[in-house]
Amino acid sequence: MGNPMKIRAANKDGVTEVKVLVSHEMETGQRKDANGAIVPAWFITELVAKHGDKTVLSSEFGPSVSKNPYLAFKFKGGAKGDKITVSWKDNKGDSRSDEATIG
Amino acid sequence: MFHRFIRTLASAALLAAFASPALAQDSKVADELAKYREALADGNPADLLEVKGEGLWSEKRGPKKASLEQCDLGLGPGKLEGAYASLPRYFKDTGKVMDVESRLVHCMVTLQGFTVAEATRNWYSKPGTESDIEALVTFIGAKSNGKPINVPATHPEEAKMAKMGEYIFYRRSGPQDFSCSICHGQEGKRIRLQELGNLTTKDGSGTAMKTWPSYRVSQGAVWTMQRRLIDCMRQARWPEPNYLADSIIALETYLQKTATGTVMETPGIKR
Amino acid sequence: MKLKTSLVTTLALALSLPAFAQKAVEAPGGKFAKEAEQMFRTSFRADNPKYWMTRLEQDDTMKTCLQYRDNPPRPIGQKLERQNAATIRYPVDGKLIGDWKEGEKLAAVGTGGHIGFIQPDPAGRVRGGNCYACHELAKKEVAYGTIGPSLHHFGKIRGNAEEIVKYAYDKIYNSNAFTACTNMPRFGLHSWLTPEQITHIVAFLIDPESPVNKD
Amino acid sequence: MNNQRRTVLKSGSGAALLGMLAAAGIITPGMALADWNKAAFDAKSMADTLKALGAGSPADSKDVQVTGPDIAENGAVVPVGVASSLPNISMVAILIEKNPNALAATFTLPEGTEANVQTRVKMGQTSNIYALVKSDGKFFMATKEIKVTLGGCGG
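Chains as they are written, first to last, in the working numbering: chain Z, 1 to 103; chain U, 1001 to 1271; chain G, 2001 to 2215; chain B, 3001 to 3155.
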């Protein structure tokens, strides 16, 4: 399930800016542990942001996105009080959704 | 000996004369580094941990199924605002000078019924293993945000601890002749590109202490002050101190005393 | 500590160590110094191997530098400098200038020698001089520290006279032979670098073909 | 998406099999990387990555900007952004030339979402970073070098 995301969304002059911080290890699959064994890759592959039912961004990540991924983007529309939902899936099949209100 | 000394001085002057083109380049490097740090400041992953710590604080846990809400961090049970900024301090109930982590562990033991071993097992996080202590300290630290550091060390035990911290700060040993002071006892120096605060002054110590706990991007984790100082000893190529060791609390007391008056800005984000 | 001031030491003080011109300061820890030493030594994990713990031992130089906060009175500093100068050893073949390319690598490597349980060095970790942590050297490396003076154009400025080469070697081998309680490690004394490795770093500083002396 | 699905199937890898299983409803979508463009993320070189993305040899464009510092204090977290004033941008990608796999992330932008995305990536060493955008069905690119510097105490 992972830990909750931190989502901030603010509307200014008809444009909504969304900033997302995700709690995830984003293990590359190239790092070795203390015993010299490769630590298996473990990373978010897909992240989708929705405004209400409408998808406003869909992303695909590789393992070179940083640990605890950060993402900021803007879309036209959105009003104070509207819901923004962000969902991710990782390569181990884990997933999580969180929502925030546009301020 | 003296002529060699003068020769060193002369060559230092010669080198100084060559320094100006480097300065122009340095200021460009400094600008770009400032840009890098600014870009990280908005969206500090430590914020994720702060939220988690808030939950852990009020959750009923341990054999006694109790929360930490009655934990006394020095300002009274459950009083968190400014508590981090006022630690380490002397606690009558234990007869010891304690920092935020040793006090937190004390509360986990006395209020929640954990053993010390259970409470400290994951005192720092590893990839795939989270640390409750990191989350709790991030939360507690943030509750001092905007408050001045206040460790005057007026109690005799606190004053003694600060003095012992000063001793450790200057103590050299190991295969590199290191002490804290060789890197952190001068003004305006840097190691590689990282500025080094002069921790013997209020300004230098304040700049350093006000931002901890901090998210370290090179480690992908929030570091508590215990972790920071234990790792300083690793970098000095010394053996590993115990978690919550008195020598670490002594260093913290010395640094917080020196930094007293500086307004907290935590959690920080650093290299 | 009473100073028997000669003209020479007065001049040296005025030129170099304004901080030292003040009255002697209290030794760190004050009356708790002994207790602090005891507390420090008992703060380490009991499962640290014995040979790791030897890294907490202090020689005369370390003890004295602690006592005087790295600014010993001149006569005491000079005594330490003489003691340290006496430790310097040279490569068997007597050649003090090695291969600057090897020296370039050693100057950049900052790893090695880390012990402890949280993040010890992996087996076979290369140990370097970590020169860039404190010094500017080749122009192309922008990430250099300023704890020590810039050594850019070291050879270009000073040439490669025997005296300069020996100075560079000696300084790296035992920095405290020149300035007691300097921040610079004593690389040769502690066998952190071998005499051969030191000759490579000397070459990196002196060789006209070295990037230190280009650009 | 169709284009990407085809790429995945063509790659003939384990993920493609998972994709087919997911499409057939045999395993739940949450378990599979049905749409994730494995071929593009697995590609090593810039050229192979561009090919897997169906971008060929994109033209350099002044109307595409890669933003980020010239120097990163640590390669584990490097802030980068892509912005463009080109019309009808449907896709943005970030590529790091010297990473083991060049592709870091792709973003599909529905109508109404601005071509202005910021994220943070890992860089193994100093490298050129490329921003790739798809505008009116055509690909354009811009680049910037980011220097990754070593840290203080050296590990």
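FYI, nobody ran anything at the bench for these hints, they're computed from the structure.
Quantities reported herein were computed from a predicted structural model and do not represent experimental measurements.
Incorrect hints may appear among the rest.
[As the list claims (entries may be wrong)] DSS-like, lysine-lysine: derived pairs with alpha carbons at most 30 Å apart:
| no. | chain 1 | residue 1 | chain 2 | residue 2 |
| --- | --- | --- | --- | --- |
| 1 | G | 2101 | U | 1189 |
| 2 | Z | 50 | B | 3138 |
| 3 | U | 1052 | U | 1028 |
| 4 | Z | 50 | U | 1079 |
Structure-based check of each hint:
no.	hint	verdict
1	2101/G <-> 1189/U	holds (28 Å)
2	50/Z <-> 3138/B	holds (26 Å)
3	1052/U <-> 1028/U	violated (39 Å)
4	50/Z <-> 1079/U	violated (40 Å)
The structure fails to meet hints 3, 4 from the earlier list, while all remaining hints are met.
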